[in-house]
Structures are given as C-alpha cells and as structure tokens.
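*Asks:* The chain contents come next:
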Amino acid sequence: MTELNAAAEARAEEPPLIAMHGITKVFGSLVANDHIDLAIRAGEIHALLGENGAGKSTLVKILYGLLEPTEGEIRWRGEPVRLSGPQAARALGIGMVFQHFSLFENLTVAENIAAAMPPEMSLAEVAAKAREVSGQYGLPVDLDRPVWTLSAGERQRIEIIRCLLQDPQLIVLDEPTSVLTPQEAERLFVTLERLAASGCAILYISHRLEEVRRLCSSATILRAGRVVATIDPRAVSAREIAGLMVGTALHDVVALRGAAEGAPRLVVRGLSLPPEEAHGQTLREIHLTVRGGEVLGIAGVAGNGQGELFAALSGERLAGAPEAVEIDGRPVGHLGVTERRRLGAAFVPEERLGHGAVPDHRLAENTLLSRHGTGGLVSRGFVLADATRALAQRIIETFDVRKEGTDPRARTLSGGNLQKFVVGREILREPGVLVVNQPTWGVDAGAAALIRQALVNLARQGSAVLVISQDLDELFEMADRIAVIHAGELSTPKPTGDLTREAVGLLMTGAAASKGTVHAH
Amino acid sequence: MRIELQQRQAPSAVARLLAPVLALAAAFLLGGIVVAAMGRSPLAALDVYVLQPLSDPWALQEMVVKATPLVLIAIGLSFCFRANLWNIGAEGQFIVGAICGSTVALATHGTDAGAWVLPVMLALGTLGGIAWASVPAFLRARFGVSEILTSLMLVYVAELILDYLVRGPWRDPKGFNFPQSVTFDDAATLPFLADGGRLHIGVLMAVVAVVVAFVVMGHTIFGYRLRVTGEAPRAARFSGFSERRTTFIVFAISGGLAGLAGIVEVAGQIGQLKPSISPGYGFTAIIVAFLGRLNPFGILLAGLVMALTFIGGEAAQITLRLPFDLTRTFQGILLFCVLAADALVTYRVRLVRGAPAQAAGRAA
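Protein chains in written order, with full-length UniProt numbering: chain A, 1 to 521; chain B, 1 to 364.
I should point out that these hints are in silico values taken from the structure, not numbers from a laboratory.
One should not assume that every hint holds.
Some chain A residues close to chain B (C-beta under 7 Å, calculated; not the full set) [stated by the list, open to error]:
#1 Gly138
#2 Gly354
#3 Asp360
#4 Val383
#5 Ala387
Glycine included, C-beta positions come from ideal geometry on N, C-alpha and C.
Work out the full structure, taking the sequences as your base and the hints as a guide.
*Replies:* The structure is reproduced here in structure tokens:
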C-alpha cells in the first residue's frame, strides 16, 4: 500500500490528467454551465454531484466532445486541447459509459463489442481481447449470449468492456448503479477500484451519496450550473453533501409506522400476462394485497415486469379475468383505466413526459389527462376551461410546483416540479388506491422528500398506496411491507422491519428464488 | 461538415403565423422559375394565375365553389392529422360518396319524386365516404396495417368503379356514347344561394363544417382526445382513450366529410356522374389542411388559395398554353414550402464542422 501512496504522491506533482477551466455553456437565455473548474488526476475516482438540471450532463457532453463550450479551456496533461467530437475525445483517451445502454438486443455480446471496434478486427480477435480485459478487471460476461437474455448489470459490463478496449485514461460513468442491485453495484466498485489502481482516472456521476462516499476520493458539487464546492466526500456526511447539492437542509420523511390495519383495498390474484412487446416481461401468477393505511413497496431491477405490472393494475392493459384485480372488493380486471379511476383508484406512471403528462400541453390541460372522466372538468362533452385552470392552480399551490409564467407547457418544468404536479394531480383527488411507478426517478432531493411525504400521508389517511421503485433507500424509508419483483414473479411481501438491504438485494437478483433457473433478465 | 437541425427553445409566435405566408411567397418564386424555364414570362403567369381571377366577379364566385369541396375534405382530414393518423385516400372517399349519393338521383330520374331526394342523396354520400374510410381504419386497428398505403390504394379502386359505372350500367343511353350518366333532375340538384349566381348551398355546409370543427377541436373533450392521441400516444392510453376507437372515429369523420363533398360536387356543380368528377380535390385537400395549420379558419383561407390555383391553372391552359400539370407541380411545390417553413419555425439549421456524433447514432 505504501508504494501505491508514494505513486499517488508522485502523480500529485504532475499536472492533472484533465483540467477544465472556466467552462461556460449557454443555451439561449439559459446558462447551463457557468465558469466551471474541474480537475481530475490519473488514478483518481472523482465524483460529479448535483441535482437534476444542475449542469452535470452538459459538462459531461462537453468533456466527450458532444457539445462545444461557449467559453473556457480544456487541458489534457497540461496541454490545451479542442474536443471537436466523440472521436477526438476517444483519440485522447476519454471513454464514456452511458446511463442508457446502446446495445443491439438480438446480437451476441461479442458481436456488440465488435460493432464498436475498427472493422478490420475479426470477431475472434475482438473476443480474445474482450476476454483478456474481462479477466483482468473482474467483468465476467458470456461472449456468446445474445444481449436480450442479459441482466442490466451484465449489459453494463459489456459497455465497460467496450470502453476499456479503447485503452482509455479517463472513464466517465453516468449514473452507473441506477440499474444495478446492491450486489452488482458492489462488484462494479471493485472493478473501478482496480482500474483506478492501474492509473486510470474515473469521473463518477451519481446522486447516491453513500456510494460516492464509499468510492470517491474527491467530489465536485454543482448547483444551478456553478461549482458550489469541491470536497473530500469521505470526510463529509451524506446529509451535508445533500445540503450542498440542494442549497437548503433536508427533512426526513416521517413514516409514522404501525398505523391500524385497514381492509384490503387493492387485491391482485393470480395475475398472469404475456408481454406486449418483443423483449417485454411475462407476469407470472402475481398475488398481492394492499390494505387501507399501508404503503406496500415493490423493489426490483429495471425490466423485471414493473412496467407490465403497472399497466395491468392501471387498466392500460386489461388483465384478462375480472377477478385478477380488485379495487375495494370490486373485480376490475376487465375494466379500463377510466372505470378504475371512477372506482377511486389513481395512477402515476414512470415516465412523466409523454405518459403522465403531454409535453406540449399546458398544465391546465394536463389536469384533464387523468381526470376528464371523474367529474368536475367536463360538462356535456365540453371542457370547463376555468375549472381546469383552478385545479392546476390548486395542485401548484399545494405541492409547491415551481414554474415560469401562469400556465406553462409541461415540458418547460424541471423533472422534479413536473413530478410534483403529476403526483399532486392524483393525490388531490383523494384516491382510495394509488399505484405509483418510480415516484422519484430522476427527481431532485427536495422534490423527492416532498413526494414521499405526500404518499405516506395519503396512506395514513386510509388509502392503499402501492409504490414500485428501483430505489431501495426510498422503499426502506416509506414502505410498511416490501416485496420484490424478479423475472415477472413477485415475492411474498414482508414487513420492512424484518428485512435487510442485503436480503432484498438477493431477491432482486433472483438468487433466493431457489428454483435454480437461469434468470433471463 | 454536416447540417444539424436544432430544436428552438421557444418557437416565436410571430414566426408561426408568418410561416404559411412566407411559404406561399417562396412557392410563387419557385413556380415563377419553373414558368421561366418553360419559356413563358413569370409575370404574365402571375397575372393569369392570381390577379385576373381575383379581379373578376365570376372568377371569384368560381373560386368559392371550387374551395367548397377542398374545405369540406380538409376539415375532415384535420381531425385525422391531429390524431397523427394518415388518411391519404380522401380522393377515393370523395368518389365513393359521389357514387352512393348518385344512386338515388339516377333511380328517381324522370319521376316526380319530391323534396326527400336531396337529403337522402347527401346522407348516402356521407355514409359511402364513411364506409370507404372504414376499410383502412379496420385494417389498421385490427391488423396494424399502415393506413397510409391502404387508404391511398383504395383511391384507385374507387376511380375504376366510377369509370366502370359511367361506361357501363349507368351510361346515359342518349349521351352519344360519352362515358357519363344522365343529367340529374332539379329535385336531385343542390339549389343556388342566389338566382343567376354560381354559389350553391354546399358552400354553406363548408362554412358550417368550419365553425363546428373549431368548437369541437378547441373546446370539447373529444378534441382534447385527438390532440393527446396525436402528440403523446402513451399519455392517451393512460387517459383511457382507446386508440382503436379514435382511429375509427377520425376515419369516419374524414371519410364522411369527403363523401359529402363528393355528392355536393356532383349534385351542386357538375349535375351528372362522369369519370373525371375531381381534379384531385382529395389530394389537394391534404395541402389545404397543412397550409391552414390544421386550424379550421386557416383551412377556410387555405382552401380559397388552393381553389385559386385551380382556376388560374385553367385560365393559363387557355391563354398561356401552359399544361394543367403545371398547376399540380405548383401545388406540390407549395406543400413542400409549407412543410419546410414549419420545420424552420421549430428548428434552427446549423452547419457543424467535424464528424457526426457517433455515440448518438448507435442503436439502443
């Protein structure tokens, strides 16, 4: 270890591997990056932190040559460079692992890796190199498997291998653990530490503070396009870091567990549903009961049937047998989403833009989306424009939705504010049953806390709240019971107090399913 | 070096309003170049195409008469296009509407059937158009077949049926072997708005359609449903609007109005069936719908503009001996300019040096 430290000290003398000085990027009237300074040394794992809209992705795009800065200078090993495109960035030695994978589902792992390599390399050569890298850094993948059979963690390993084959000196990872189970994340950290030890610099973008504190030796925090602090995350508490990101102190969600057990309000019995899309997930024999007064959480890695379950519960897809889904004792499996709403149910889908709200419609019009059939907004087929505006205003005030202008288009709101609007729209109707898919996905910490509190409060007033989420911390904070969805099957819900993160993580990988099946997703 | 389209932060409202006007100006400029290339004076063509019809009362009436089917059809199409469904076969629905409505006119020919004839003709014409449009709607909703192809192909089927009827069973025995039906009785002809004028009551129907469409589109939950379906299909599903039902309804509306336009044209303007009852109204109406920005009053204006090109085109054939195809060419240029202007309102064109962004080009 002393040798490593000595090496690190020696490196500290050199100019940083990459240094960005006074980087400014202006889009119209919006200053996305405002004189940002960022330096990363070889062998360092550096975190880039900030809420959504703080300017992280703009900065990363500049670093990867996808955007040109309006102002500012980038130095690579002390020399000024111009990154005119991703090829120029790669030529320097900058590699990028994106949050959304760009893989061909129907090709094998080896073929996907070869697609990113120079055409003169044969598939066998590519496979040999990939195997070497995969062994060296602990990134096991089966090169001959088609990608669609792989889990998100395995897919990410392909992206990382693909990136490593370019021999990068700086690797940028954008929210790498957002799709991983805790165990998969742990494995990724080991790989990243090995990479750093071999001298590679890593820029690690995340909003999960605990893992940043565990992994990174320095962190740059952005807020509203500016650097607010450069810190050693190991020396500062997660709460303090969050405070720096948001600009204000945060409140914990008050869960007030142990509310009286109410009657079952949402019951699912033996729900099975084939997928609608080619690589979708089949739902297998799902049973669950949500009682009035409780929050039931469903954990799971993305793509294990969460979207399909949401569609079946909301009635966007009919569940076949009427008895498969019951709301307050009424079989509704054969009823559409409007009829289910009339029975007192409400739904919040995962995607805000284009699913939970129409991007180009104003907020007043967006109140109609889920509430046109439940009274008050439409009379004899005519839209009551004043009523929609009044309702939008009520949502905006109750849920502290920040926006520009009196009635802006949905797309102009930040992710957190639009999510507050969409969740608020459903909560204000005082539903007996609320099903939420990823309530705080990509939402800033302040908005996330407000949304979680609102969901818990709704349950405490006697509603049944079902929360589907990939964020384990969120579920442990809010849910009374937690079940795990894996490969379209739902585990038996258990009281949150009896569970550990590790136990839930194991269920998320399907390891505890004890059926010995190879997991397809 | 490459060309990139960048979405504008906030498209200017003024630009949005000016876009059709600028598109029209650009189309005239390009049309003038084509005319010059054919060895005629562009100024003379402008005079014949635009200025003369606008300064002649008879031609002005004619313009309104020609705009009537265009507006009726385009209003129907605007419902489809709003919902992001593509009925390209209004021409066929127009012809089938004309045929279905005409059955009554031909069956009662020479009898003293009374005032019921005309309403029944209009109703049958509308139903014929609906039936013809239901075929692509059904194929799309049930089997996912592209409605663009099926609706377009049915145009040719309709044209051939009409051709067969007027050359065969429905040919006027006293018509010197011309492929045309008998001339409709008065009871089967749309009354004129004023004696000695050219305007028939079909003109009023077009105006009513414009007003009704305006109210439905802007103020009803049905109009909202169409806009949500067109702009965000997943949100429409979340809203509980069935895509299948929307498909059937908008095809019925557009087919019905096209069919109505067909029987109105035959009963009001031509007075008999013949192979060429339409100079391509069903296709031109697509341009009208877009030139009018899918706004009912915009469509009314755009219909008048496009009607002008038909009248000017006829005049140019006679005085400048320019082929009628030039009119079609001009209409095509106009559609192109309208779409380009729309794109430029929403996007900014940028020349970018360097290689294309490869990461974005890879498959997901």
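*Asks:* Broken hints, numbered, in rising order?
*Replies:* 1 and 5
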